[in-house]
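J.: Chains P and X are the protein sequences, given in the same order.
The opening position of the first sequence corresponds to residue 335 in my numbering, with each subsequent residue numbered one higher.
The opening position of the second sequence corresponds to residue 23 in my numbering, with each subsequent residue numbered one higher.
By construction, these hints were calculated from the structure, which means they are not laboratory data.
There may be inaccurate statements among the hints.
[Unchecked claim] Here are the simulated distance ranges between beta carbons:
id, chain 1, residue 1, chain 2, residue 2, range
1, X, Val592, P, Ser390, 52 to 58 Å
2, X, Gln84, P, His421, 47 to 53 Å
3, P, Pro721, X, Arg38, 54 to 60 Å
Think of the CB as a built atom: it goes at the ideal place given N, C-alpha and C, for glycine as much as any other residue.
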Amino acid sequence: MRKVVEGSHAVSEAVRLCRVQVISAYPITPQTHIVELLSEFCSEGSLKAKFLRVESEHSAMAALIGAASAGVRTFTATSSQGLALMHELLHWASGARLPIVMAEVNRALAPGWNIWTDQTDSLAQRDTGWIQLYCEDAQEALDTTIQAFRLAETVFLPVMVVLDAFFLSHTYEPVDIPEQADVDRFLPPFKPAFRLDTAHPAAFNQLSPPNVYMEMRRDLQDAMEAATGELKKIEADFQSFFGRRYGAVEAVQCDDADIILVTSGTITSTCRLVVEKLRAQGEKVGLLKMRLFRPFPREEIKQWVLRARKLAVVDRNFSFGASGIFAQEIRAALCNEPKRPLVFGYVAGLGGRDVTTDILEEIYWATKTKPYPESDSLWVGLQQPAPAA
Amino acid sequence: MAHAPMTPVSVPFIPRSTTTTESNKTGSWRFLQPRYDEKTAPCSVACPAGEDIARVEMLVAQGLFKEAWETILQENPFPGVCGRVCFHPCESVCNRGAFDEPIAIHTLERFVADTAMRYGLQPERTRPTPQSQRVAVVGAGPSGLAAAYFLARLGYGCDVFEGRSEPGGLLRWGIPPYRLPVPVLHWELEHLRTLGVDIRCNHKITTDVLHALKDRYAAVFLGCGHYKNVALGIPGEDLPGVEEGLPFLEKVRSGDWPSLSGTVAVIGGGNTAVDVSRCAVRLGAKVLMIYRRRRQDMPAFGHEIQMALDEGVELMELWAPQTITPHPEGFRLTLQKMEVVSEVNGRAQVRPIAGETTELVVQKIFKALGNSAEEPWLEPPGEAGSHILHLANTVVERRENSAVIVYGGDLAAQSKSVAHAIGSGKEAAMALDLYFRKGWDAIPDGVARCRVGPGPSLSMEVYMGGERCRRNPHVVAFQEINTDYFLYGPRIVQPRLLVEERLQGFSEIDLKVSAALAIREAERCFNCGVCNQCDNCWLYCPDIAVCRDATPQGRHINLDYCKGCGVCVVECPRNAMSLVENESGVLP
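Only chain P is shown next, with the shape it has when bound in the complex:
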């Protein structure tokens, strides 16, 4: 059924279709619309889930860790400071191998107090053992949420479905909402490997001394590595049901490109227009959309970029003292390749500032005209002097 829905509500619809059993969340802009609609589903009975109201995001995640340990399908959503507050328990969820799915709406971290989009909040959680998938539009947000449950429950890892604040979360788009019966066939009920069961008592996640800890960590990494392949299989299955697939990355006109623009989130949509325009002008430009960030899709990236001369990585995030995070990760992925493109890093659109077609074109021309990157990150569109200085 095709419906015009808000990006947030596309996620809510997906959660309902996935027959989630326990939801626990604490409201925070710009995520609130997701759980708001879910609470309505729960109260009207269209979703038979326990909706736990809690006093913080930390408690929300703690509650889901408990629920997931008991073997049920769980969901939460958060943003920014809320995600930061959850940090400790993000490690716990992955270490305990609990397939919790979370919608994370990218919002800048304070101060300055800012509710607009910025990926630093989710990327700062890159080492917590959560799978991360970045969405471009509302349809993808819905589809990715459904896939996320299947992926999480296949490799026993939690999954973060990441959306841009407002550009995606609060924008209405036509969305194909799948039939419940199809989703039920695509996503069978969750079968936990272990669960808390008073009939079969066991201690979970107790002291693990040095003689076992390292193997446990490696097991988690194995699951992460398996996730890339599993996602591919799941997407193939998803496509057979629903006719859509997204891939770990998506390459647009990369086959013969000299310069490839690398984007994630909603900037990708803007960039598609820019590539089209530049191609019309005869430029050999391509676009690589990053959807999967953890596990980092090294091989998929290499498959598309090794032929190119230069990459222009647009980061709506920043790791202080280093560089934009996507650029950093891509550099690391390519560094041992004998023939590899130069990586130009650009930082743009922090705190929800618009990244327009003009800015992306400027990035392209800067990359083309400079023989080598002058620094790891070039900040695009900075006002000189700064507005308040």
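On the provided structure of chain P, position chain X as indicated by the hints.
T.: Frame of chain P; chain X shown alone:
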């Protein structure tokens, strides 16, 4: 090292164990250990009869009225009487008073006793080992009856000799029916008789009789009370029609209600003066209560004074009677105005204001200045010595080749109250039992061991080796209560007859409360220092080291696993636990 990744991920490798964690004896980390340590509630210290009030209220709150009644009976044979006439010093020290309002202990005591009376309950008690010694008790007032009660429970045969026609002393003859209906007294006396106490009335005591008793009994308890009126020492006090207070009350108590009219003057400020005034009001008189000091100096209980004033008694403070002369309409009473010179221990010292007098014409005068022993030989010896022991509320005297004499009740107690008289009887019973079984020198320590907190109140349950022995004498302070566990709640209001209804006759003023109200009131009680099995310790223990068991405490600490964190002690709402250092020399 090569590592083959598992595909697909079927069983994640997580810390999981189906064996127990019992091998991890967390008790080895401990340097402090919690202990069930029941303590002493301030109310029980203040109670002259040493009642275990915190436990009584706990039982009432649980609806265990019979057990509550039996708990009172451990320390006091007369809960029905005391629930009506006691001045309840327990309530003024109640820790709940620092939170909102004290528990209505007095009202609850009466409720418990009335419930037992309503259902005709019999207390369950073990039969004591009979002792060979017999004790004579002289005077069937509250102290003598209490002495006989506690002696009987310790296995001694007791004969009580009473001069009047019925037992009870002041309870029977001095306290008006609107405070204490006779059937209540009768019912509680019946319990004494079932214990085997023989009460022989119309046995007036004389020196000859006393000598005879000394020969026939191993000990004699003298609890003859203070009946002799203190003289005013003014001209005209012996005129016919100037009556003494106690005989008047006795007349009212015997059902002979003289009709009074006009103005009646009652001289004095004690409970007898107040009772005489309130009876006189009921018999139709306008009453002036004349007292030489101020209202706050009156020995009478404050709430009784207030009720007298409510009923229309007029109080004339700082007036001392000077002369009484006949007058055609009755008497002319000349009063001298007094003034306060100083205060000693809060009580006014007064002197006359020269030339300031007034005259009243009254139809009747009652003298109620206070009383003393009827005969000088009933007064206890003043000086302590090798054969004389002064305890808190009794004096014990032994003589060569003669019975031990114990002076108790008003003759020896610190304060003239029913509760003190009961405490006196209890102290006498303990002293005599200690003397018979362990000898004279064992008395002081043996009695001191039974003190409730710092004393001087005593516990017969402790003396007899009951559960109360476990109580730590530490008196629980308000700061030691975890008030997070208590909600503010209003104190029950004692229902009473309206003033107009009271003045119709001698009906009991205080009315019954319902069981529902009593339970609600008892639930307000902090149960200071007494475990009410709330299970907070069990609930909060992070190591599951609190184990329920069948001991009287109901639970113990498994020291193999107790880390000594102290959470149980902090979360005990009523300070029934303590945290102490590991026992020295005992490694955890």
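J.: It remains to establish, for every hint, whether it holds in the given structure.
T.: The hints, checked one at a time:
no. : hint                            : result
1   : X:Val592 / P:Ser390: 52 to 58 Å : violated, 25 Å
2   : X:Gln84 / P:His421: 47 to 53 Å  : holds, 48 Å
3   : P:Pro721 / X:Arg38: 54 to 60 Å  : holds, 55 Å
In this structure, only the earlier hint numbered 1 is contradicted, and the remaining ones agree with it.
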